Each structure stands twice: as C-alpha cells, then as structure tokens.
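All chains, full assembly: derive it from the sequences and hints.
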Amino acid sequence: MTELPDRVHSAFRDHSSFEKRPDGAYESVTTPFDGVVTPIPAENGRIQFEITVSVPMLNQVTEDEVAPIVEEGWYETFELRVVDIYGVTKKEHNLEPIVEEDGVDATVSASFTDINERRGVDDAGAVIDYVEGTYVQGIIPGYEYTDPVTQLISRARNAAGAE
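Using the numbering used here, the first residue of the sequence shown is number -3, and each one after it goes up by one.
Keep in mind that the hints were calculated from the coordinates and are not lab data. Just so we're clear, the structure is a prediction, and the values are computed from it rather than from any experiment. C-beta: ideal position from N, C-alpha, C; glycine also. Honestly, I wouldn't trust all of these hints.
[As the list claims (entries may be wrong)] EDC-like mimics (lysine to aspartate or glutamate), calculated; alpha carbons at most 20 Å apart, straight line: (1) K16 <-> E46; (2) K86 <-> E59; (3) K87 <-> E39; (4) K16 <-> D118; (5) K87 <-> D125; (6) K87 <-> D118; (7) K86 <-> D118; (8) K86 <-> D125; (9) K86 <-> E46; (10) K87 <-> E68; (11) K16 <-> E39; (12) K87 <-> D30; (13) K16 <-> D30; (14) K86 <-> D10; (15) K16 <-> E88.
[What the hints assert, rightly or not] Label-pair distances were calculated between CB atoms; the ranges are: (16) Q133 <-> E61: 17 to 27 Å; (17) A38 <-> D10: 14 to 24 Å; (18) E23 <-> D80: 39 to 49 Å; (19) N90 <-> I136: 30 to 40 Å; (20) K16 <-> T109: 12 to 22 Å; (21) T103 <-> G83: 38 to 48 Å; (22) I65 <-> G157: 33 to 43 Å.
This is the structure in structure tokens:
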C-alpha cells in the first residue's frame, strides 16, 4: 500500500478539529460522538477520505424508556436527513452516506476523494459536523436526556446566548 504524503498529515495536524490515532486515522475532537476520518492514497495524487460517525440511538441517551415505535420513527427521520447532505462541503462531492443501526448506535459512513488535502480535511470535518447537527435537530422534547445530549443542548444554548 502506498504511504500517505506528508502534506496530508500536515493538513490534519494544522486543523484544530482532529487528533491522530495510533491506527493512522484521525478522530474528531469537536464532537462528543465518535467521528473518524481515515485518509487513503488514491490515484493521481488524490486522497480518499473515509468518514464514519457513530451516534447513540435515542433510547441510549434518555433516562426513561423510549417506545420502540418512537425510536423507529426517530431513526428513520435521522437517516432521511443525513442522506440529504448536499451543499455542506466546500467542493461538491458525490457523497452517498450509508446509515446503519445496531440497536445501540446509528453509524453514518461516507467517503470522497480530493486532490486538495486541506479542502478534503475541511470537508471531512463538515460532514462530521453535519451529522452532529442532524442528530441535535432530531432531539425529541419531553424526555430527560443524559450525556452527550445534555452537553449538546447546553452548548447550543450557550452559543445562542440563552441561559
């Protein structure tokens, strides 16, 4: 396998949203979710950015039991919103996210290639941020939430200037 050019490692290192993991992937440090980008050398100097973001299913972040029909509807809505990802990246990529759930987590996977490593890192971060924002949009009022949802709600309120 071809090694990644140093320019790719530099782009991730210079970006404040990522930290390198021992396996060579880069973990997002700006979200409480598991957001990981794996850069892979592609043809003609391009870099493939493989992105996975795992978010907890609704039942995992509430104090009370969530009815299965509510959990199902929440997941279906989350999936529909996530696959409508167009326009969040600097360069138009043919993003076709795949969303899967295992009863505990919903995992979003997407990938794209780019010749410009810095734009690619920015775009990978934008995809992770989009998944987080989509998750927050799906928070259903009336439940008592646990972390990381309480963190996200608090952060949103602080950003909006609310108490």
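Worksheet entry | Ascending list of hint numbers which this structure does not respect | 2, 10, 11, 12, 15, 18, 21
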